[in-house]
Each structure stands twice: as structure tokens, then as C-alpha cells.
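Novice: As a plain string of letters, each chain reads:
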Amino acid sequence: MSAVHNAVAKSRAPGGAARRPSPLASAAGGYVLSLLLGLIAIAVWQAVADFSSLKQWLLPSPWEVIQAFAESPGLIMRHAAVTAEEALIGFAVALAVGAALAVAISQSRLAERALYPYVVASQAVPVIAIAPVLVVWFGFSLMPKIIVIVLITFFPITINMVDGIRSVDPDLVSLMRSMGATRWQVFKLVQMPSALPYFFSGAKVAAAVSVIGAIFGEWVGANEGLGYFLKYSSAQFLTARVFASIVVLALMGLILFSAVAFVERKALPWAKRPSAQN
Amino acid sequence: MAMTTPLLQVHGVSKTFVEKTRELPTLRNVSISVRQGEFVSIIGPSGCGKSTLLGVIAGLIPPDEGRVLLNSAVVTGQVGLAGYMPQKDLLVPWRTVLDNVILAQEIAGVPRAEARAKARPLLEEFGLGPFASAHPHTLSGGMRQRAAFLRTVLFEKELLLLDEPFGALDSLTRSAMHQWLLSLWERLGKTVVLVTHDMDEALLLSDRIYVMTPLPGQVRSELAVTLPRPRRYDLVLTQDFIARKAALLAALRDGAALAGAA
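First to last, the protein sequences are chains Z and S.
As numbered in this note's numbering, residues 446 to 723 make up the first sequence, in order.
As numbered in this note's numbering, residues 607 to 868 make up the second sequence, in order.
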């Protein structure tokens with residue numbers, strides 16, 4: 446039987462290899478392309494900055510942005526560390542709050558009816574309006590930033606996870622019940638594992654957005670962090686420095702997203718394969 | 607004696623599903639009985655309520671009327687007493703084949719290591735040995751179904767309820783599975799209730815066959831399959847088998863005609 450299996454695998458391999466390169470090669474190709482796109486954009490930007498008559502405070506060139514970073518890397522990184530800390534704490538709280546809400550909503554009709562409207566309504570809350578009020582309540586502390594981050598990042602986690610828990614085949618739940626499974630066992634053995642890929646989808650969105658949340662929280666009231674740094678740099682027309690901060694922020698978002706994606710791959714080695722196989 | 611009291615008795619079971627304002631009468635006064643060690647099939651056209659009947663026996667669907675008795679005790683609506691195998695294999699993608707088949711043991715609270723140790727030799731016997739640590743999506747349909755059957759067997763109940771277990775397989779794989787199930791069943795000594803719409807399957811595997819009408823499902827007739835055992839798949843080519851198949855076909859048509867007239 447395994448001989449048959451091997452023969453099938455072998456007969457498949459050449460066709461598969463001819464159609465597309467190995468995953469590693471195509472991934473590397475993608476990164477090369479991504480890098481190339483970035484370089485082209487930078488070159489165009491440099492050319493526009495060099496040949497247009499725009500002042501440096503209106504459009505700094507990429508080289509000037511690099512210089513702005515090189516002038517005070519310690520300063521930018523110190524503020525970046527503050528922002529990163531807020532983003533991480535906020536993200537962690539959002540994971541816990543988002544997952545807890547998803548479990549409550551999916552397990553109880555009552556909880557669903559009681560909570561779901563508020564979960565959705567929370568997304569209509571204008572953060573712009575509420576953030577200054579939070580600063581008045583909590584001052585320049587960590588709290589307003591965490592609240593802003595959680596407010597804008599728990600939603601994709603909750604919504605995705607509820608969908609994930611509900612995506613479980615009802616026949617599988619029936620099978621579990623026929624084996625005498627308790628509700629807790631159905632949740633632990635079937636619903637949770639099914640929901641994990643959805644949870645990670647939501648978490649990736651949340652990870653990328655959490656940096657924005659931190660910046661926003663700092664913008665309205667802080668004395669440190671990249672949001673604060675951006676705000677006063679822009680007020681002083683230090684536009685090159687603003688751009689340098691934005692690049693650091695973008696990298697931060699990318700790193701956080703990649704970290705979540707990495708954990709996902711390690712935690713769910715089975716998750717991506719079925720559709721590719723059948 | 608065990609021979610005189612049936613292991614399973616279904617008495618006058620009726621079930622009507624209500625969807626919004628529409629009523630769907632699905633089972634009407636269905637009674638069957640199955641002796642210990644017997645292989646009984648329930649055959650009928652698609653959507654005749656035979657899967658619902660199996661769900662009632664498994665305790666998953668509460669009947670409107672009627673009772674289910676197991677070893678003479680009323681067990682209507684009780685789950686966890688029979689091994690139930692639905693048509694879909696329902697193997698979970700995040701578990702290996704080995705960990706999929708021990709699901710029932712894990713629910714029962716058996717430590718994982720112990721359940722695995724118990725399952726391993728059976729995995730060999732079911733021809734799944736080399737795939738113990740593989741994930742289900744790497745298996746063929748027939749192998750997945752075997753794993754699902756082993757999961758049912760490892761629930762360790764006297765009575766197995768099989769709901770069209772080979773319905774999704776191609777006909778060649780299905781006949782191989784029939785041969786495999788025949789030899790396995792003779793060794794396991796389990797009592798089986800099989801729901802099917804495949805006449806060859808019912809005749810080849812069963813000691814008795816209940817024929818059901820289209821909706822609302824009723825038991826139209828009962829056929830004893832007196833073909834000698836052990837049986838082999840080439841039995842389907844014999845005159846005796848074909849004559850029985852003709853009788854079964856007539857019974858199925860009868861049932862359809864009866865339901866049409868009603």
C-alpha cells in the first residue's frame with residue numbers, strides 16, 4: 446500500500462515541479478520583487494525631490510531621510526521603544542479581550558444577544574473624539590494608549606474567531622455528542638482547534654493596526670513615543686525626521702505582523718495544506 | 607437467552623421536523639429489532655428518513671413518539687451507548703490519524719498515551735499502520751473511511767450504527783471496502799445497523815434488510831438474507847444473489863408505489 450502511495454507521489458512530482466518552482470524559490474523571488482519595487486519607488490522619490498523645486502521641509506529626499514535618522518538614531522529609537530511597548534501591551538490585551546468575547550458570544554445565545562451589538566457599535570466610536578477625553582481621565586499614562594489600541598484591534602480578532610468557532614461542521618459536533626462528549630470537550634477538542642486559524646487571521650490584522658493605535662494614543666497626549674516625536678517634528682517642519690519616524694513605524698508593524706505569522710506557522714503546521722492537496 | 611431478547615429494539619418511532627411553518631413528517635411508526643451479533647441493513651431511497659432513524663437510535667434526535675430499547679432498557683434520547691459513524695469521515699485535520707482514532711477514548715478520559723498504545727495494533731490491523739503519524743488529508747478516501755471506522759470501533763460499544771459509510775467512495779473502492787468490512791466484522795463480532803441505498807451493499811453484508819418507503823419513512827418489508835457466510839465479494843455475480851436482488855428491487859418499488867398512492 447505504501448508502495449502505491451510512493452508511486453503516486455513520484456508520478457506527481459515532475460508535473461508539479463514543472464508547473465511551479467519550489468515554495469522556497471518562489472518565496473525568494475517574491476522578496477526580490479518586493480525589494481525591487483521598494484528601490485524603484487525610492488529612486489523615483491529621489492529624482493522628484495532632486496529635480497523639483499520643492500523645499501526640503503515639503504518633500505525631503507530619501508537620502509535626507511536617512512541623514513535625519515543618522516543624525517539622531519538614539520533619539521528616534523528611544524521614542525520607538527516606548528511606542529513598541531505600548532503596541533505590544535495593547536496587542537496582548539486585545540488578544541485576551543477579543544478571544545474572551547469570541548468565546549462568550551459563540552457559546553451562549555444570551556451573551557451573543559447581549560454583547561454583539563456593543564462589539565459592533567464600538568467600531569463606530571470615533572477614536573478621534575474619544576482619545577482626548579481618555580487623556581483627560583487618565584493623563585499621559587499608558588492607559589489611554591492601551592484603551593485606544595484595544596478599541597481598534599480587538600474587533601478583527603473577535604469577529605474572525607466567532608466565525609471560526611461557528612465554522613465547525615455540525616455533524617462533527619453530533620459525532621462528538623454521540624461519543625458522550627460534554628460541552629466543554631466539544632469546545633476544547635473541536636471548536637477551539639477549528640477556530641485557531643481564524644484567530645490568527647484576526648491577530649495578524651490586529652498586529653499591523655496596533656502600531657497605528659499606539660501612535661494615535663500618543664498624538665493626543667504624551668510626552669514620549671514616536672507619535673509624540675512625529676507631532677513635534679512636524680510642528681517644527683522637520684519633515685525628513687517625520688519620514689524617518691514613519692519608516693521606523695512601518696518596520697515595527699512589519700516585524701509584529703511577521704512575528705504573529707511565524708507563531709501561526711509553528712502552531713498550526715496543518716492549517717495551510719489541505720486546500721493545496723485536494 | 608441472549609438470542610431471544612434482541613439487543614436493540616425500536617418501537618413505533620415517529621418524527622416530524624418543523625421548519626418555520628412547514629412540517630416535514632420524516633418517520634412514521636417505525637419498529638425494528640436487531641439481535642446480538644446480527645448485521646442488519648436499512649435500505650430506502652435517498653431522503654427516506656433512514657439517517658434520521660439512525661440519529662434517533664444514537665440518541666442524537668429525540669423522537670416525537672416511540673421508544674428505543676437497548677438490552678431491554680429504555681434508552682430513548684441517551685447518547686454515548688452506541689458507536690455512531692456518519693457518512694462523512696469527519697477526521698479533524700489538526701490531529702494525526704492515530705490521534706483521530708482515539709477521540710472517543712480521550713472523551714472517556716483515558717490518558718492519551720494509554721489510548722494510543724491500545725490503538726496502534728488495531729491501526730495495523732486496519733491497514734493504517736504506516737499512516738499513524740500522518741495527517742488525514744494525505745490519505746485516500748478509502749483509508750480515511752477506514753480510520754473513521756476504527757474510531758467508531760475504538761468507542762468500544764456492542765452496537766455500531768453506520769450511516770452510508772461508503773456512500774462517498776467510488777464503486778471500486780467501495781467494493782474493496784465491502785470485502786474488508788465482511789472479514790473484519792466476522793472477527794469483531796459486533797452488532798451492526800447499516801443505513802444504505804446500495805442494494806449490493808445491503809445484500810452482501812447483511813443478515814436481514816429492512817426496506818423503507820420514501821417520506822414519511824415507514825418500514826415497508828423485511829428480508830432475511832440467508833446467503834452462507836463467510837461471504838466474498840464475487841457472491842454478487844451468482845444467480846442466487848441476483849434473484850435476491852430482484853426481490854429487493856421489487857420491495858423497494860413496492861414501497862415507492864405505496865408512498866405514491868398514500
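Hints are computed from structural coordinates only; laboratory data are not their basis.
These figures come from a predicted structure and were not determined experimentally.
Where a beta carbon is used, it is the ideal one built from N, C-alpha and C, also for glycine.
Among these hints, one or two may not hold up.
Computed list of lysine-lysine pairs in DSSO-like fashion (alpha-carbon distance at most 27 Å, straight line) [what the hints assert, rightly or not]: (1) S:Lys-796 - Z:Lys-633; (2) S:Lys-724 - S:Lys-626; (3) S:Lys-796 - S:Lys-724; (4) S:Lys-694 - Z:Lys-633.
Stretch by stretch, here's where chain Z covers chain S in the computed footprint (C-beta under 8 Å, at least three residues) [said to hold, decoys possible]: (5) 696-704; (6) 712-720.
Computed, partial: chain S to chain Z, Cβ under 10 Å [said to hold, decoys possible]: (7) Leu-767; (8) Ser-789; (9) Trp-791.
Novice: Taking the hints in turn, state whether each one holds.
Specialist: Evaluated hints:
Proximity of S:Lys-796 to Z:Lys-633 is assessed by CA-CA distance (about 31 Å); at most 27 Å being required, the pair is judged violated. With a C-alpha separation of about 47 Å, the suggested pair S:Lys-724 and S:Lys-626 falls outside the 27 Å cut-off, and the hint is violated. As the CA atoms of S:Lys-796 and S:Lys-724 are separated by approximately 18 Å, the hinted pair is consistent with the 27 Å bound. The suggested pairing of S:Lys-694 with Z:Lys-633 holds, with an alpha-carbon distance near 21 Å, which does not exceed 27 Å.
For the stretch 696-704 of chain S, the assignment as covered by chain Z holds, since 4 residues bring a beta-carbon within under 8 Å of that chain's beta-carbons and 3 suffice. Chain Z is given as covering the stretch 712-720 of chain S, and this holds because 3 residues of the stretch bring a CB closer than 8 Å to a CB of that chain, at least three being needed. Of the supplied interface hints, the one on S:Leu-767 holds, with its beta-carbon coming within about 8 Å of a beta-carbon of chain Z, less than 10 Å. At a threshold of 10 Å, the smallest CB-CB gap from S:Ser-789 to chain Z is about 16 Å, leaving the interface hint violated.
At about 20 Å, the closest approach between the beta carbon of S:Trp-791 and any beta carbon in chain Z exceeds 10 Å, and the interface hint on this residue is violated.
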